[in-house]
Structure formats: structure tokens, C-alpha cells
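Asker: One-letter residues, chain by chain:
There are 2 protein chains.
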Amino acid sequence: MEDSAPRRSRAAFAGLVGVSQVLGLASVVLTGVWMGHFRGGFAWNGSKQEFNIHPLCMVLGLVFLQGDAILVYRVFHNEPKKNVKLLHGIIHLLALIMSIVGFVAVFDYHRAAKIPDMYSLHSWCGMTTLILFCLQWVMGLMFFLFPVASAWLRASYLPVHVFCGLALLVMSVGTSLLGITETLLFNIMPTYSKFTPEGVLANVLGILLVCFGLVLGHLMTREEYRRPPNPEEEALSVHFKTLTDGGSPTTP
Amino acid sequence: MEDSAPRRSRAAFAGLVGVSQVLGLASVVLTGVWMGHFRGGFAWNGSKQEFNIHPLCMVLGLVFLQGDAILVYRVFHNEPKKNVKLLHGIIHLLALIMSIVGFVAVFDYHRAAKIPDMYSLHSWCGMTTLILFCLQWVMGLMFFLFPVASAWLRASYLPVHVFCGLALLVMSVGTSLLGITETLLFNIMPTYSKFTPEGVLANVLGILLVCFGLVLGHLMTREEYRRPPNPEEEALSVHFKTLTDGGSPTTP
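Here the protein sequences line up with chains A and B, keeping their order. At position 55 of the first sequence the residue is numbered 55 (full-length UniProt numbering), and the sequence of numbers has no breaks. At position 251 of the second sequence the residue is numbered 251 (full-length UniProt numbering), and the sequence of numbers has no breaks.
Hints in this document: simulated from the structure, not taken from any laboratory. Among the hints, erroneous ones may be present.
One-sided and incomplete, this derived list gives chain A residues near chain B with beta-carbon spacing under 7 angstroms [what the hints assert, rightly or not]:
#1 Val-72
#2 Phe-76
#3 Pro-80
#4 Leu-178
#5 Leu-185
#6 Thr-191
#7 Ser-193
Every residue gets a Cβ at the ideal spot worked out from N, C-alpha and C, and that includes glycine.
Sequences and hints are given; from them, build the entire structure.
Answerer: Structural data, given as C-alpha cells:
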């Protein structure tokens, strides 16, 4: 009976991971349906069809893949940390490539359609998020995959890396919602208030993205879902604990 | 010299609290300037001037006051917990009243101008946030100010309450950004892309709100800014630790 609470906790964790994947995949599919069915499909020719690649890449890259890259630490918490780190870095690399394709698509479309760049709040938030995401990926690579930094520096940077990762996911979700609102008001402003199917579908997509962010946030911050400490690994990096008191990472 | 790290940490904390207040107040002032100067000022007469009360109340109530209500636990961490709880509840009540006034303003304006309600993603997110905010306030009141729940229930609910509080702040910031984008596209769509002063001011407001959320998020999740544990208080409630293993809150 003593074991029942951790078992309940593991079952809840597994259930929530499942829910997060359903929410994430549903968001990607809904973005595809929205752009494919309501907005004329996809092409790489400077037309609106090229713009349509932008939302799909951003939701797939900066939201779904970024979220899953963060989640691997919790899902594979019994695997050797080195392997999980590698997986974390690879999924983030895929997310980065996908996001850059999405960015190129929208800038390319703007150039062809002679639409100014970088004037909207969506673009300001999106550009900030992508630049910080690149920075976070490079810093993560330097600190944790090819450890050029000292153990103390790594341990000090870890909580910053963890916080920034979650903050970037939240910023990606927020920027996506801004993109949804912009796209709707640019295209269907006169009919949006009549609960037209496209408007409702895009709103539902927004709510799914919010739910994805909330479930991920819960899974990442809940105490009992944390990777259990491993003394050998602790010598290399320390989880979530800020060691700014000058102590060594082996003596938290 | 041993004391230098905690002192540095306290100085960083004080500095960041200062930054958060500057960001929060600047957001409220900028919303006032935007609505007062660019959008025709304020009035309670069913006109667009009544709508203008909505953004001001929401930024002041659901963002700035809600953020500060959360922050009091960190700022007054040496005060008796009972007093801090009371202050937390009172600021949240003010935030709630302000938000309800803001909601009434926009529904009243919609009715007078014959604009449909609740069709946009902004309205869906905003209504969800306000309903959950009310629920969170009532639950907080029942669990922590007039403790009708058992100590075990309170201890189990605390991490949920803390997570939901931060999630609601993030949702409030996100919803505000959606509101900014909607207001700009409804009113200045033809000139927004020309970097018109109103558009730039509103974008800057959005970025300030994001920064406010990020600083608050950092202050609330950083390990060393946590309220130090107090054995007497621990008997009543447990900080951030989920006690789902059936243990009593006095034996975390």
C-alpha cells in the first residue's frame, strides 16, 4: 500500500504526457487544415500559399517540437542523462530548422507581396522568441553537450536554462495566438463575428495551444515528476538548484 | 565573506522587484496614454470611450495587481504569514473588482454599438481567464483564509494554487497582447505597417507586459527567493511541496 501514491503519480504523469501529445498533434493538424482547406494550401512561390507554410512550421517547430524537447527529461527519466541530453538537443535542432523555414516563408511572401516586415506586435514577439531560442540552443550546446564551461558555471547556468526554456515555450504559444488573431482579422474580419467555421476552427486551435502550454508547464514544474537525483550525474550538473553560494555542484 | 552570496541574492531580488514595478506601472501608464490620447479618452456612455476603460482596467487589474498580489509572498517573506495571506487576498480582490468593471465596460459598449460578443480568440481567452481567476480566488479563500479544508487537503492543494496563480498571470498577459493586436487592427490597419506612433506605442506596451510576466515568473520560481520555511507555519501549510504520498504536512 505504501507504493500506491508514487504509482498514482506515475499513472497521472503518463496520462498527462498522453494528453499533451494529443493536444500538440491536434494543434499541428488543425493548423494544417486551416491553411490547407480554408487558406488555399501550400506552395513555395511567393504567394499567399507560401505564407501558409509559416503558421504550420511555427506551430510544429516552436510549439510542438520545442515542448517535446523539454518533455524528454521527464519522460525518459530512467535513461542515462547523456542520451537524454542528446535527444533534447536533436529535437531542439529540428525545432530550430523548422522555425527558420517558417521565418523564411513569411519574409519571402512579404517581399513578393511588397508588405513591410516587422511592424506588428506578432512580428516583434516572434523575432525576439526566435533570437532567444537560437541563443538558448547555442548556450545549451556549449554548456551541456560540449562542456567547455566549468562544473560550477554549468551548475549556475542550469536553472537559468530551465527557466528560459519554459519561458520560450510560453512566448512561442503567445506569439502563435497573436498570429492566429492577425491572420483572422486580415482575412475574415467582416465574417469573424458571425462565428464562421474558419474563425471557430482558428479559435479552437488557439485554445488547444494554450492547453498544450498549460499541461507542459504543469509537467515541467511539478515536484514529483522531476528526474530522480543521481549522485554520479550530480557531479556533472545539478538539477533546478541554484548554486550561487560558491559551493561545488557535488555539495548542494 | 560567507554571507556575500545571500547578500548578492537579496540585492538581485530587490533590484528585480524594482524592475517589475517599473515595468508594471509603465504598462498601466502606457495603456492610459494609448486610450486617453490616441483613442479619445474615457467615459461611461456606451461609446468607444467606454470601451477604452476595458484595456485600462484589465492591465491594471488582471496583470499589474494580480502580479503584485503574487509577489507579496516573496517581498514580505519575514512578515507573519497570516498578514501576508490577508494582503494577498485583498490585492486579488481589488484585481477582481477592477477586472469585472473592465468586463462590464466592454459588454456595455458592444451592446450599445450592436457588436456581437464572445466571437474572438481574445474574448475566449479573456473569459476563460476571468472565470478561472474567480474560481482561484474563491478556492484560495476557502482553503487558506477561512480554512474549512483539512490540513492534508490544504497541503495538497497549495502547489496547484501556486501553479494556477502563475498560469493565470501568464494567460492574462497573453490575452492582453491579443487585445492590443485586435484594437490596432480594428482601428489603424491601413497605417499600422507604416510604423505610426500609435502602433509603435501599443507594440512597446505589449513588450513591457511580456517583460513584466518574465520578471514575475523568474521571481516566483527562483529557488533562493522562496519564503524560508517556518516550522510553526509548516503545520498549517507547506510551500511548493506536493504531499501526495499520504504524509502529514508537518512531516514533509
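Asker: Is the interface hint for A/Ser-193 satisfied, with its Cβ closer than 7 angstroms to some Cβ of chain B?
Answerer: Holds, about 5 angstroms.
Asker: Does A/Val-72 meet its interface restraint, that is, does its C-beta lie within less than 7 angstroms of any C-beta in chain B?
Answerer: violated (20 angstroms)
Asker: Given A/Leu-185 as an interface hint, is the shortest Cβ-Cβ distance to chain B below 7 angstroms?
Answerer: The hint holds - A/Leu-185 has a Cβ within 7 angstroms of chain B, the shortest such distance being about 4 angstroms.
Asker: Does A/Leu-178 hold up as a contact with chain B if the rule is Cβ-Cβ below 7 angstroms?
Answerer: With a closest approach of 5 angstroms, the A/Leu-178 hint holds.
Asker: Does the interface hint hold: is A/Thr-191 within less than 7 angstroms of chain B, judged Cβ to Cβ?
Answerer: This interface hint is violated because 10 angstroms lies over the 7 angstroms limit.
Asker: Quick check on the hint: A/Phe-76 CB to chain B CB, less than 7 angstroms?
Answerer: violated (22 angstroms)
Asker: Hint validation: A/Pro-80 versus chain B, beta carbon distance must be below 7 angstroms. Holds or violated?
Answerer: violated (26 angstroms)
When each numbered hint is compared with the structure, violations occur for hints 1, 2, 3 and 6.
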